[in-house]
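With the hints as extra help, turn the sequences into a complete structure.
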Amino acid sequence: MKRISSVSVTVSALAVAGAFTLTAIGPTVFAQGRGAAPAYKVDPLWPQPLPNHWVFGSITGVAVDAQDHLWVVHRGGDSLEANEKGMMLTPPTSSVCCTAAPFVLEFDAAGKVVSSFGGPGQGYNWPQSPGSIAIDAKGNVWITAAGLVTPPPAAGGRGGAPAAPAGPADGQVLKFSKTGQFQLQIGKPGQSTGDDGLDKPAAVAVDSAANEVFIADTGHRRIAVFDSESGKFKRAWGAYGEKPGADPGAYDPNAPAARQFRDVTCIDIAKDGMVYVCDRTSNRIQVFQKDGKFVKEGIVSKNTLGAVVPGQFGAVSSFGSAWDVAFSNDAQQQYLFVADGQDKKVVILNRSTLAPVGTIGQGGRQPGRFLAVGSIAVDSKGNVYTGEQHHGKRVQKFIR
Amino acid sequence: MKRRNVFIGAGFIALLAALGVSQSVLEKKALAQGGSGISAPRFEVDPMWPKPLPNGWYIGQTIGVWADNQDHIWIIHRNDSLDPVEAAADQNPPTGECCKKAPPIIEFDQAGNVVHAWGGPGQGYDWPDSNHGIYADTKGFVWIGGNGGTDGLVLKFTRDGKFVKQFGKKGVKADSNATDHFFQVAKVFVDEKANEVYVADGYGNKRVVVMDADTGQFKRFWGAYGNKPDDKDLGRYNPTAPLAQQFRNPVHCADLSSDGFVYVCDRVNDRMQVFTKDGKFVKEQQYQKDSLGDGSVWDVAFSKDPQQKYLFMSDGRNSKIRIIDRQSLQEIYNFGEGGHYPGQFYSIHSIAIDSKGNLYTTETYQGRRVQKFVSKGIGSVPRKEMGVVWPTSTSR
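Same order as they appear, the protein sequences are chains X and F. Per this note's numbering: the first sequence = residues 126 to 525. Per this note's numbering: the second sequence = residues 13 to 408.
Calculated directly from the structure, the hints in this document are not laboratory data. Everything numeric in this text was worked out from a predicted model, so none of it was measured. Even glycine gets a Cβ: it sits at the ideal position worked out from N, Cα and C. Treat the hints with care, as some may be off.
[Unchecked claim] One-sided excerpt, in silico: chain F residues whose CB lies under 10 Å from chain X: (1) Lys63; (2) Pro64; (3) Glu109; (4) Ala190; (5) Thr191; (6) Asp226; (7) Lys244; (8) Phe357; (9) Gln383; (10) Val400.
[Unchecked claim] Here are the simulated lysine-lysine pairs, BS3-like style, with alpha carbons at most 27 Å apart: (11) F:Lys244 / F:Lys185; (12) F:Lys292 / F:Lys231; (13) F:Lys182 / F:Lys244; (14) X:Lys357 / X:Lys415; (15) X:Lys418 / X:Lys359; (16) F:Lys396 / X:Lys237; (17) X:Lys166 / F:Lys185; (18) F:Lys63 / X:Lys166; (19) F:Lys112 / X:Lys427; (20) X:Lys237 / X:Lys418; (21) X:Lys166 / X:Lys237; (22) F:Lys240 / F:Lys292.
Right under this line is the structure:
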């Protein structure tokens, strides 16, 4: 018997034609299944405490596999403050707490760690910072190398601005077996030119039936498709299915919609073959066919902006309302769950209309609340899992 | 009581020997009781306390907690520690729907609802550069300190936030023998019977000050071992060096037991020192003495039995609450672990106890939470390192 406490779920049946912006709805009164959207409660005691005095760093990706195991990738010790990694310092400032968990962790449905791997090794380039994680139909684990944030010159303060990241920028996607054996690398750090060059790819999705891997090639403002076995480049497209082009600059809610992506941070393929892409800072989700033909778009929260803030572990970037998506577990995948990092909640959209039908959570550090919720996944039973970046550093489970 | 004499003025080697003695005493006791045999106050985290804050509020580094005589829980946090991402709704223009900076002082009822929230700069007083520590007395007054740049003061308010009196001033620097101001106060404790205030002074000074609760007149002060305080830089703490004859900064708590002993957190020296009310040194004990950096002894609360048999100590360096036998100062067991989940900590900073024996903790740096640990009474504790204490009714 788990104790499940109800928090932080607000469901509204706002069917506002043409206006996709959600209004904040009260603090956290839970409405039982009112309206169309499913209702969720946080499981505050999931996952089980990590073994070996491990702690999570900034969590950049979550994914559910065919066994309903949850896979988590995080930035590790590099994203931990000195005060939370006493055992990793020289000399250690604590002999009992704490040290970074391995980069990739597999949890069973009960929330127990059943395997872990990750880090530099032979034959591949481990990311400066991982991005998302995906599990393909064969059980392989795909991880992108999303790169570090370059601090803005204005980010100075006490101690000055953090140094720009050293070394060649991430430009690769990695494929491992589920036991962590290296299989394939697409792209190389610091070599971003050409059709097959990647620039800080944030997300990956695999179409196993077609042997294709879809990559959100963030720095190049495009979606790029490669052969998932050979790693050979196949095709690419930008926003609206057009040719990728120049950076459209800062987001302005009052300006016409940009014809280019700002930062694509998610890519997921629905059962009906539609490809969902998050253009995070532009607050929008664009939907494509697998061949790149534009289908439609929806705005999550039009007025959401953001900031880059300096931190002890480098700059932290938080912009926009469309960070990651996941589909509901019903056959029709009727709902689309959007991790809205800057607004600190999950927005539930009707997948066909892209209209908002509910939200989960609000800002905060207690269970069911979020800081920089940036990744989301759904298991076969409909449970929703979230990962938090920056100082959030949690994976949380919400039960239907 | 027998062991107290051993500790008075004990050198390092004698201290270690004494530790060994008490360990074996505890173990014998353990065997006699069967199982691990440790019997002590037990706790379980309440993962859903407090309730979500209203108004889209978000809290920052939370550096003080107190439970008042109505069992309301008071916290103080630094809302200026929130970054523009956390306080997105407070930016101009707002950069997100959530969140806003909560007022620095928040009063919760037992159910975890916000009753009242206030604090910040105002007329007639200097709000600290960096507020720190909170105490709510039985007469309805709330006391706070401040450990920022030039903070040298203690402030007294009514419980609804009306300014009453300022003790000390801003714009000062370290002087552990000053008689009219503090320097970077960590915590305040009011002895209402004697009408005296104990001030852990602090982050800049290296002493305990006792002042008159009405006039603010300094009545006495002392350093480690009851020595005259000395501001000399002691350098970094070294666990293999002889024990320092002065406190290191910060002197992080100075709490009075009901039988009249002052328990002082010498945080970075990983030790607690015990004094009489007039500053005579009684005994000391180190905890997890290999802790470097910001040290292991952060704050203390007394158990609610008439004898105050137990001390509950927050250890922010090692993410633990230590349950200590107050007479012997020996640790009985500990619980807690690093992390951001219920029952885990990132820099657990302050600790308080209500009349039912429930514990409340706050976390600084990027912990930014208040948590409640429900008293489960005295009982058998299976291990000396309990890790995360989740509700047992949720056995999985």
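Original post:
Going through the earlier hints one by one, which of them does the structure break, listed in rising order?
Top reply: Violated hints (numbers, rising): 4, 5, 6, 7, 17, 20; every other hint is consistent with the structure.
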